[in-house]
Amino acid sequence: MAGSGAILARKRRTLILLLAPLTLMLSVFFLIPLSIMVIYSFLEPGLYGGVEWNWYPYNYGRILGWPLNDFETFEVIYLKIFLNSAQIAVMTVIVTFLLSYPAAFWVSRMTGARKNMALFLITLPFFANMLVRIYAWLLLLRPTGFFNTILQSTGLIAEPLNLLFTNFSVIIGMVYILTPFMFLPIYASVEKLDYSLVRASQDLGANPIQTFRRVILPLTAPGIIGGSVIVFIPALGNFIVPAFLGGSKVQMTGNLIERSFLQSRDWPFGAALALLIMAFVVILVMFQISRQNRAAERGIA
Amino acid sequence: MLDKILNSRFWSWLFKGYGFVFLTFLYLPLGLIFVYSFNANSINMAVWTDFTFDWYLTIFGGANSQSEFDAAFTESPERIFEVVRNSAVVALCASTISTVIGTATAIALQRYNFAGKKFYQALLILPMIVPDIVLGIALLIFFVGAGFELSLLTIIIGHTTFLASYVFIVVSARLAGMDTTLEQASADLGAGPLTTFRRVTLPQIMPGVVGGFLLAFIISLDDVVITYFIAGVGSQTLPIFILAMMRRGLRPQINALAVLLLAFSFVVAAIGLYLRSRKT
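So the sequence lines, in the order shown, correspond to chains B and W. With our numbering, letter number 237 in the first sequence gets 1665, and the count goes up by one each step, no holes. With our numbering, letter number 232 in the second sequence gets 246, and the count goes up by one each step, no holes.
Since the hints were made in silico from the structure, they are not lab data. Just so it is clear, the structure is predicted and the values come from calculations on it, not from any experiment. Where is the CB? At the ideal position from N, CA and C, for every residue including glycine. Heads up, a few of these hints could be off.
So these bits of chain B aren't anywhere near chain W, every CB distance computed over 10 Å [as the list claims (entries may be wrong)]:
1) K1439
2) F1533
3) N1544
4) F1672
5) G1682
For the chain B half of the interface with chain W, some residues (derived, Cβ under 7 Å), not all of them [what the hints assert, rightly or not]:
6) L1452
7) P1461
8) M1465
9) I1467
10) G1493
11) W1494
12) P1495
13) A1556
14) L1559
15) L1567
16) T1577
17) F1660
18) F1689
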């Protein structure tokens, strides 16, 4: 009896030892910083950066219109920029989906070494530095860039086209960075697709379009939704892509946050903006988790 | 009918054609940097004039054939060496620490049952889904408030907070697919937990541990956003340095630097992907 007790105690000690480093690190350098950021968003900005420790919910009033005091005014531009960011993120999700979905079928129909090679080639650019990938699109799109030079030398256009500093160029940059995030989950669900169900639907008289809409699309939906969530989140908060491919013409919430921290030094306002993004992310992730749980329950029943 | 249609020659050609377009989309932009990095034309990179190694040589301290205009935009080899060294120190330290922490956590969650396991699983996912910019400013507020001086140390800490989760996922996958009877046999034969870990568990999960380490190394090496907020004046990493160069204008030297960084990342990633795909 005493022996098994000692073994249990030793197992407990090992477990505590194994979990201690992560627990310590994530509480001190992750949970506490995030909590402090939440507190900061309700504090008064100091005159020369920093904060005054007064209750000050008016940072949110500047963005949302309420609550306000005598010093802070509601400016609709912040909401507009936020909506524009959401719109760019949604467009990024749509375009990455349209690009990745057929590609997933293309790869899933291969076999053996060819398939591994294709997967390798599609995954590899994911490891290219984000800045370098954005830089590549600057070289392609700028007035003296690849596309304009080719179009001008063939005589199709006289003046260089304005390809940079538009929502279009920002979306292209985002799509280029985030395509692997969409491809991999979609590929996982396309790979699992049970073709006997596809055949059954045809035997029962469905035409190809019906089969696609009623069988293939629903069966691959988990991958599509999963991919959409993990593309939307980084696209919403990204500030590097709009900084280079959007210039001063296209502003996203990430740029506002960056500026309020590193230029105007209004930290509480930046923290409030960041929390707005976080709220969006939390809602999306909760939705995704509850959907997965429901799917798992149905799987068991 | 549908699979007959999809298997028809027309559709299989369509799929192949699309696959080609898809891969072109992924690689053309990167290939362009590669080609431009050998172009002697420093006025307009899109127009080819001559083949040159000069842009690479400027990185290592050779080549003085460039014009004064180019020289004004060219960083000294000493400065480049310094930021590359910073990047290497950060990536090595952060990925080593997060490999140890991530592996320990993976073993705890795979091999033990305890109250609060669900909480830990959620906690491990969190750093990966919090947007970079949010984590970056939260760490900035924390470090400044707690009186840390922004340095390589703060960057290492910042990277470790989210890299441990990546290592955890890779190692967990390996542990889940592992046969536990060997561990039991080792315990039955009288080996202590540490010996069993060193002689039985670790050799079996090694590809996962190395794969996790390499993944963490690449992500740390490439990180822009979080580093951007918590790097001090004297602690620039290579991506932050490239970012500053890009802000000043696009010059050919960036091409050469970008190609070297790409080549290095691709080699490390290829090793990692190979290790992960290899069966026991």
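These are the hints, each one checked on the structure:
{"no.": "1", "hint": "K1439", "result": "violated (7 Å)"}
{"no.": "2", "hint": "F1533", "result": "violated (7 Å)"}
{"no.": "3", "hint": "N1544", "result": "violated (7 Å)"}
{"no.": "4", "hint": "F1672", "result": "violated (7 Å)"}
{"no.": "5", "hint": "G1682", "result": "violated (5 Å)"}
{"no.": "6", "hint": "L1452", "result": "violated (9 Å)"}
{"no.": "7", "hint": "P1461", "result": "holds (4 Å)"}
{"no.": "8", "hint": "M1465", "result": "holds (4 Å)"}
{"no.": "9", "hint": "I1467", "result": "violated (9 Å)"}
{"no.": "10", "hint": "G1493", "result": "violated (23 Å)"}
{"no.": "11", "hint": "W1494", "result": "violated (23 Å)"}
{"no.": "12", "hint": "P1495", "result": "violated (23 Å)"}
{"no.": "13", "hint": "A1556", "result": "holds (6 Å)"}
{"no.": "14", "hint": "L1559", "result": "holds (5 Å)"}
{"no.": "15", "hint": "L1567", "result": "holds (6 Å)"}
{"no.": "16", "hint": "T1577", "result": "holds (4 Å)"}
{"no.": "17", "hint": "F1660", "result": "violated (10 Å)"}
{"no.": "18", "hint": "F1689", "result": "holds (6 Å)"}
Hint check: violations occur at hints 1, 2, 3, 4, 5, 6, 9, 10, 11, 12 and 17; the rest are consistent with the structure.
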